[in-house]
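*Asks:* The chain contents come next:
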Amino acid sequence: MGKSKCLITNGLFSLTLYFQSCSCSIMKKAIFRFRFDFWVLAALVVLLGGCDAGFTSADMSPGAQTGTGGSMARFALAGNTLYIATKQSLDVYDVSQADSPVKIAKTDLGVGVETIFPYRNNLYIGANDGMYIFDNAQPDKPRLLTKYTHIMSCDPVVVQGNYAYVTLRTGVACRQFNSVSLLEVIDISSPSNPRLIHSTPMDSPYGLGVDGTRLFVGEGSKGLKLFDISNPAQPKLMKFRSDIPTYDVIPYRSTLIVTGEKGIFQYRYDDKDRFDFLSKIPVE
Amino acid sequence: MQKLLYQFAVGIMLVVAACEPRDSETPANGPRFDGTAYQPIYASPAELARIESQPGRALRRPGKIYVKDNYLFVNDLGEGIHIIDNSDPASPRKVSFLRILANYDMAVKGSYLYADNASDLVVLDIRDPLNIKVVKRIEKAIPQSDYPPYANVWFECVDKGKGAVVGWEKVNVSSPTACFR
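Taken in sequence, the protein lines are chains G and B. For the first sequence, this note's numbering begins at 1 and goes up steadily by one. For the second sequence, this note's numbering begins at 1 and goes up steadily by one.
Some clues are possibly wrong.
Stated by the list, open to error - Taking lysine to any residue and the SDA-like style, the derived pairs with C-alpha atoms no more than 25 Å apart in a straight line are:
{"#": "1", "chain 1": "G", "residue 1": "LYS239", "chain 2": "G", "residue 2": "ARG214"}
{"#": "2", "chain 1": "G", "residue 1": "LYS280", "chain 2": "B", "residue 2": "ASP69"}
{"#": "3", "chain 1": "G", "residue 1": "LYS262", "chain 2": "B", "residue 2": "ALA141"}
{"#": "4", "chain 1": "G", "residue 1": "LYS147", "chain 2": "G", "residue 2": "ASN193"}
{"#": "5", "chain 1": "G", "residue 1": "LYS262", "chain 2": "B", "residue 2": "GLY56"}
{"#": "6", "chain 1": "G", "residue 1": "LYS87", "chain 2": "B", "residue 2": "PRO31"}
{"#": "7", "chain 1": "G", "residue 1": "LYS141", "chain 2": "B", "residue 2": "LYS140"}
{"#": "8", "chain 1": "G", "residue 1": "LYS87", "chain 2": "B", "residue 2": "GLY56"}
{"#": "9", "chain 1": "B", "residue 1": "LYS140", "chain 2": "G", "residue 2": "ASP108"}
{"#": "10", "chain 1": "G", "residue 1": "LYS87", "chain 2": "B", "residue 2": "ALA141"}
{"#": "11", "chain 1": "B", "residue 1": "LYS160", "chain 2": "B", "residue 2": "ASP125"}
{"#": "12", "chain 1": "G", "residue 1": "LYS87", "chain 2": "B", "residue 2": "ALA151"}
{"#": "13", "chain 1": "B", "residue 1": "LYS170", "chain 2": "B", "residue 2": "LYS136"}
{"#": "14", "chain 1": "G", "residue 1": "LYS222", "chain 2": "G", "residue 2": "SER199"}
{"#": "15", "chain 1": "G", "residue 1": "LYS262", "chain 2": "B", "residue 2": "ARG57"}
{"#": "16", "chain 1": "G", "residue 1": "LYS236", "chain 2": "G", "residue 2": "VAL283"}
{"#": "17", "chain 1": "B", "residue 1": "LYS94", "chain 2": "G", "residue 2": "ASN193"}
{"#": "18", "chain 1": "G", "residue 1": "LYS262", "chain 2": "B", "residue 2": "GLY167"}
{"#": "19", "chain 1": "G", "residue 1": "LYS222", "chain 2": "G", "residue 2": "ASN193"}
{"#": "20", "chain 1": "B", "residue 1": "LYS140", "chain 2": "G", "residue 2": "THR86"}
{"#": "21", "chain 1": "G", "residue 1": "LYS106", "chain 2": "B", "residue 2": "GLN144"}
{"#": "22", "chain 1": "G", "residue 1": "LYS239", "chain 2": "G", "residue 2": "SER254"}
Since the hints were made in silico from the structure, they are not lab data. None of these values were measured; they are calculated from a predicted model.
Using the sequences and the accompanying hints, generate a full structural model.
*Replies:* Set out below in structure tokens:
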């Protein structure tokens, strides 16, 4: 179902490209033959206008073309849109022409922006003062749905279904008021009204990743934590591997890819107890 | 009540002030001086623009990661990106290393890789990972901090005339530097 939708969108999109690339020569000929014939121009306007419709939702053509980043990412792709979280703003580039990004929007947030996670029709931004949720149905007009404010921090967010998982870390710059590191679960079933439903103390959490009933949280040099989230509102700690320093993770095709100060580690996991070592690329 | 408010406001100001780097001859509220300071590492525009494929090499300081199909991309903090063939996650194979100074982030669409190169956004054609090409450079797309990524430290103020800052080095100094945060 999802795939066919994607194919149709891609089809529409290539058609769009076709029309766009043709429109120039069509226009030249039109000018040559009809000398600014009103109807030719009107037709072009309609054509190009119709093309725009093909670009609307960044969420409609995921997968195939673009890859997947970790939760600490400042760069994120969704369909034909590249999002960059710069120091203080969310910048949006149209990458329909993959080799030639064009900046189409810039939203100043006025605070330190750290991470960005696109999920379905929304963008989840980890900023110094909380989690911002943007509706990105129209990539050139990111619309702020809500700002879930927490204590000053600089921490990432990942999303699955109706839940956002956020880590808050102490000890970073601008975090004087708080002394507890946390993993928070936020119910985002109503994105404009996020609700905190669970909070667990952590050691020094950095990046995190979620896949099905598994939640992986990097504890920096302290290690890696695996949680069972069969009940998303009550993450249950299954394993704490202090031998795997973890800055960030990507769960991908049942393989957990871990990056940290000792190198890249990979593990095979499933929705049961499996967590088998696959390989290590060491720091040398 | 008013006194409380006043104290709160002063507290807020102190916190905000502590996060801002600024110049001062004899700062009253600088961090404790321990004989060290951070010194910017500069790169000339030509040096910064030299982006190339190099043979696969050892990881030094792994940063962010990115996956696309069978490839795994690993940032080496400030130095560039390792391209790794990960078709078999049990035995990943280093394909090449992309030298991109002051790089920390990346994303891939089709055969194009987007990366930060100090304040520039660059687009690389990675169809042949052993011979990548820069196809686009958007200058000043990503604002850079002119202070090191640490709190409560002294540092040599950035002189933009010397080039782009591609890193910070901790050095011994006899007296506090002009900048701190």
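*Asks:* Compare the structure with each hint and give your call.
*Replies:* Checked hints:
1. Proximity of G/LYS239 to G/ARG214 is assessed by CA-CA distance (about 11 Å); at most 25 Å being required, the pair is judged to hold.
2. In summary, the hint linking G/LYS280 to B/ASP69 is supported, as the alpha carbons are separated by about 19 Å, within the 25 Å threshold.
3. For the suggested pair G/LYS262 and B/ALA141, the alpha carbons sit about 32 Å apart, so the restraint of at most 25 Å is broken.
4. Under the criterion of a C-alpha separation no larger than 25 Å, the hint pairing G/LYS147 with G/ASN193 is consistent with the structure, at around 9 Å.
5. Pair hint G/LYS262 plus B/GLY56 holds up; C-alpha atoms about 18 Å apart against a cutoff of 25 Å.
6. At most 25 Å may separate the alpha-carbon atoms for a hinted pair to count; G/LYS87 and B/PRO31 meet this at roughly 24 Å.
7. This hinted pair checks out: G/LYS141 and B/LYS140 have alpha carbons roughly 22 Å apart, not beyond 25 Å.
8. Taking the CA atoms of G/LYS87 and B/GLY56, the gap is near 31 Å; set against the 25 Å cutoff, the hint is violated.
9. Restraint check: the Cα-Cα separation between B/LYS140 and G/ASP108 comes to about 16 Å, which is no more than 25 Å; the hinted pair holds.
10. Simply put, G/LYS87 and B/ALA141 have alpha-carbon atoms about 11 Å apart, close enough for the 25 Å limit, and the pair holds.
11. Distance check on the hinted pair: B/LYS160 and B/ASP125 sit about 30 Å apart at the alpha-carbon level, beyond 25 Å; violated.
12. Distance hint between G/LYS87 and B/ALA151 is fulfilled; the C-alpha atoms sit about 16 Å from each other, no more than 25 Å.
13. Between B/LYS170 and B/LYS136 the CA atoms are separated by roughly 34 Å; this puts the pair beyond 25 Å, and the hint is violated.
14. Distance hint between G/LYS222 and G/SER199 is fulfilled; the C-alpha atoms sit about 19 Å from each other, no more than 25 Å.
15. For a cut-off of 25 Å, the pair hint linking G/LYS262 to B/ARG57 stands: about 15 Å separates their Cα positions.
16. A hinted pair counts as satisfied when its Cα atoms are at most 25 Å apart, and G/LYS236 with G/VAL283 does not qualify at roughly 32 Å.
17. For the proposed pair B/LYS94 and G/ASN193, the alpha carbon gap of about 45 Å is over 25 Å, so the pair is violated.
18. Straight-line distance between C-alpha atoms of G/LYS262 and B/GLY167 comes to about 21 Å, which keeps the hinted pair within the 25 Å bound.
19. Straight-line distance between C-alpha atoms of G/LYS222 and G/ASN193 comes to about 34 Å, which puts the hinted pair past the 25 Å bound.
20. Using a Cα cut-off of 25 Å, the hinted pair B/LYS140 and G/THR86 holds, with the two alpha carbons roughly 11 Å apart.
21. With a C-alpha separation of about 16 Å, the suggested pairing of G/LYS106 with B/GLN144 holds against the 25 Å cut-off.
22. Note on G/LYS239 and G/SER254: the hinted pairing holds, with a Cα-Cα distance of about 17 Å set against a maximum of 25 Å.
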